[in-house]
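Order-wise, the sequence lines are chains A and B. When we follow the numbering used here, the leftmost residue of the first sequence carries the number 1448, and every step to the right adds one. When we follow the numbering used here, the leftmost residue of the second sequence carries the number 325, and every step to the right adds one.
Since the hints were made in silico from the structure, they are not lab data. Mixed in with the good hints there might be a few duds.
What the hints assert, rightly or not - Below, in silico cross-link-like pairs of lysine-lysine (DSSO-like), each with a Cα-Cα straight-line distance of 27 Å or less: (1) B:Lys564 <-> B:Lys530; (2) A:Lys1602 <-> B:Lys574; (3) B:Lys546 <-> B:Lys590; (4) B:Lys407 <-> A:Lys1534; (5) B:Lys332 <-> A:Lys1769; (6) B:Lys365 <-> B:Lys332; (7) B:Lys546 <-> A:Lys1643.
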Amino acid sequence: MIGHSLKIVGGEVYDPANGINGAVKEICIEDGKIVDSCKSPAEVIDATNLVVMPGGVDIHTHIGSPAVNAARGFRPEDHRHAVFAKKPGFRSGVGFTVPSTFATGYLYTRMGYTTVMEAANAPIGVRHTHEELMDIPIVDKGLYILMGNNEIVLKYLKAGELEKVKRYVAWLLRSLKGYGIKLVNPGGVEQWKYGKDVEGLDDKVYYFDVTPRQILKALAWVNESLGLPHPIHLHANRLGIPNNYLTTLETMRTLEGSRLHMAHLQFHSYGGENWGGFCSKAAEVAEYINAHPHVTTDIGQVVFGDATTITADGPWQYRLYKLSKNKWYNADVEVETGCGIVPYTYREKHYVNAIQWAIGLELFLLIRDPWRVFLSTDHPNGGPFIFYPWIIKLLMDKEFRAEMMKRVHKRVLSDTTLPNLDREYTLSEIAIITRAGPARALGLERKGHLGVGADADITIYPKDSDRERMFEHPVYVLKDGEIVLREGELVDSRLGKTLFVVPPDVGEMEPEFKAEFENFYTIEYENFAIDIQDIPNREAIPAGAAR
Amino acid sequence: MAESVGVKELRVVEGVTCPFCGVLCDDLEVHVVDGKIKDVKNACVLGKDTFMHHLEGWATPRIKGKPATIDECIDAAAEILAKAKYPLIYGLDSTELNAQRKSIELADLIGANIDHTSSVCHAPSLQAVQTVGISSCTVGEVKNRADLIIFWGCNPAEAHPRHPSRYSVTAKGLFTPKGKKDRMIINVDVRPTPTTRMADAFIQIKPNSDYEVFSALRAMLKGHELDQAEVGGVAIDEWKTLLEKMKTSKFGILYWGMGLTMSRGKYLNVVALLMLTQDLNRFTKFLAAPMRGHGNVVGMAQVLTWQTGYPFAVNMSRGYPRFNPGEYSVADLLAHGEVDAAMILAADAIGNFPAKMAEHLQSIPMIAIDPKESETTKVATVVIPTAQAGIAAGGMAYRMDHIPLVMKKVVDSPYPSDREVLERIIAKVVAIKSAGNGGRVPAGKARG
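Between the sequences and the hints, there should be enough to build the whole structure, so can you do that?
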């Protein structure tokens, strides 16, 4: 709205990106952006005794994609006990672990989140993802594109043609309006196409004869040389498997020299030779991260109760299907990737689940720099995102943590470092791991802070010593300077933007690429790219200089 | 997208997506002269017919059989829907995604039941997947890798004519450079069909024995010896041979059709099939996929799922989505005579439903939105003709394996698109309701 202005007065402001830690400060907004001052604001929000933070930023979540929709469709049992009635201006919906689109936008907003990143998309399904994102109201959204098992990438790597990989990656991002490069079990998912996996970073992928290590290094190099705002976003090899911390450490070592985002680290910090010996290696993994500033991570915290595991990691999902005996959805995607879905319930008294829960918290508490560790449940893999406030309470309140430790399987007390960790997150640190940090790691310069020029995405929380209740019930949420939640009630369901990156011009694909594409895909080359006009609300984020 | 009518020269539109079936071929070349389609290249006979004859049998706007303007029809449709206590919105598959999206918005607004033609074809497949999941893949995986393809209770040679050449039987891909020579094709059905001629082997089973056969195969896969000499009218040894082929293939896929979903056992047949193909992954890579049929059925299931959580048979009468096949599915709603108004979009309900269901439809106010005359438009209270999606209206559609593609508008139509009609009906319903005129009774009292 042009000329619209608004002022927030009297609130305790937590804006760690600008060094503001609880000072009472006025926030002025004009035309959806934060400004120095506004003379005659149309509305003044009195935030006395309230806490003001930038809107939350979720760096890793699965909220809308062909895979997420497959999960919704095959889990009617998930929806029946969580329904959202329509009201004027708001659509109805359902869902607990895999909410419908409208409900997803409302639920994130009700928690004070205003930017969310959809973490896994097969290129040929991105058209679908954009359609879903357009039905997720209020929040801004972006999507990462799966590339770690892409046969065109593998083919170029086999031929040693790194420049071609770079041109292809830029073409993919440009054609599909994606935000970043995602890798899931690089090499392993390609192996899954014939029912296998990779065991380690130096296993050769069938036919293509390249290794996970080569794929990792190549895509990290491409990412940095394209100057993309976000590092490569990696779901490392061996997710969920005992003793995978060795692969995790080796992966991080391999990529020293480029930026790296390790997704859902909790699922990659396991020790033990087998499930019987399953144990935490959070301390080892955290120690490495503390000493190596090239790594950022989100945790993928486990929440007890129902979850839906959805991942491109087909071979892992097959293992989980056999372990859990739950129903199993597998959908391999031509040329590009795989996809597996298995419902799962995390139980407090189950020793593996309890240790998984503890590992997530250990990582949060042991990684010292909050700017490099972000809140996530890898929604809905570790549990639904609506439990973020519960996790915040666990991080801020060691007594609450101790109470939980008494409830869960007793091996958490004897086998993890969690009982010895006294750290309690401060409000400022929570503001970092839930907004300022992820925004910085995403290279979103106008998100995650309240400085002049920032998008006026703002959340105002009540002060409450029960931190779960506090973060569950914002009093106000502003999106682009408009009040979308007032006195705890949603009042506006405007459509947010789709954020996408504009890679630098590194040349077009060669003319013979069309034939190559059509030989292995089943659609026409010209029907692959997405017309920018098909995404009505959007914002282009330019790539920076090559690193 | 399309240039204005009246340009005399030939215009060739390439990369056109065919709206006819779930194969969703996107390589059609449509030749347009003077705003009319003169030729279609690359399409199968079904697809070509769809384009060449799209001008034939156009519906006309009318109310209670009398000619009316589109505006009058839209107003009349909105009046009916705003007043209805327990309406039904049905059809929806032979149109594009944005129209489907709008139909759900309308259902949400008026608290309708919403169901689509999947309900009477592959709904049991959807229920089976909800029960046990599925091991599946896109058609490109089949093209690039499959060395064993089984067509079970389906007939692609007639129903999906280009599936065999584009994706399955003769398609050449990365690890199948010799096409058909690199694979084995097996057809299982209750009688030979034209698909049988493409197959290397044909197994003829007794009608309604599919569940038993899948269960027997699964038992043998797990190492059990069976007492019977035959199952489904076929000798056990023949099943053992088939099983061995499945286990020793490098990449096998079983495609199924309505021979399973609409015969005795229905979704349980598919459950048994899905569990067998999942179990085969202990030995090799094995997958399964339904041969989804008409138009954009998959698109409707997709958008209905992301907006409501459920793929078909959704009821909005309480203000939020509920799902219950057998209660909110079209056949049951009509057979029980429950709905008091209906909007049928892009489908011929009267022409395809049994007499009892058709009777109820004719006894209530019914709106038909369709490019063409049909048995449904003949008896509808309000008929609103529209531009045919994929030919005279652009949009998006989904292939049978959930891959989305753009549908192009290749020629103009004098009529509005389905999407535009729905948007206008929604606006009008909102206006009627906010005027306090014709509002529904509260949910829960609606089903008197």
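Right, here's what the structure says about each hint:
1. Between the alpha carbons of Lys564 (chain B) and Lys530 (chain B) the distance comes to roughly 17 Å, so the proposed pair stays at or under 27 Å and holds.
2. With a CA separation close to 21 Å, the supplied pair Lys1602 (chain A) and Lys574 (chain B) stays within the 27 Å bound.
3. As the CA atoms of Lys546 (chain B) and Lys590 (chain B) are separated by approximately 24 Å, the hinted pair is consistent with the 27 Å bound.
4. For the hint pairing Lys407 (chain B) with Lys1534 (chain A), the CA-to-CA distance comes to about 19 Å; that is within 27 Å, so the pair holds.
5. Simply put, Lys332 (chain B) and Lys1769 (chain A) have alpha-carbon atoms about 64 Å apart, too far for the 27 Å limit, and the pair is violated.
6. A hinted pair counts as satisfied when its Cα atoms are at most 27 Å apart, and Lys365 (chain B) with Lys332 (chain B) qualifies at roughly 20 Å.
7. A threshold of 27 Å between alpha carbons decides the hint, and for Lys546 (chain B) with Lys1643 (chain A) the separation of about 21 Å falls inside it, so the pair holds.
Going down the numbered hints, you'll see the structure goes against just number 5.
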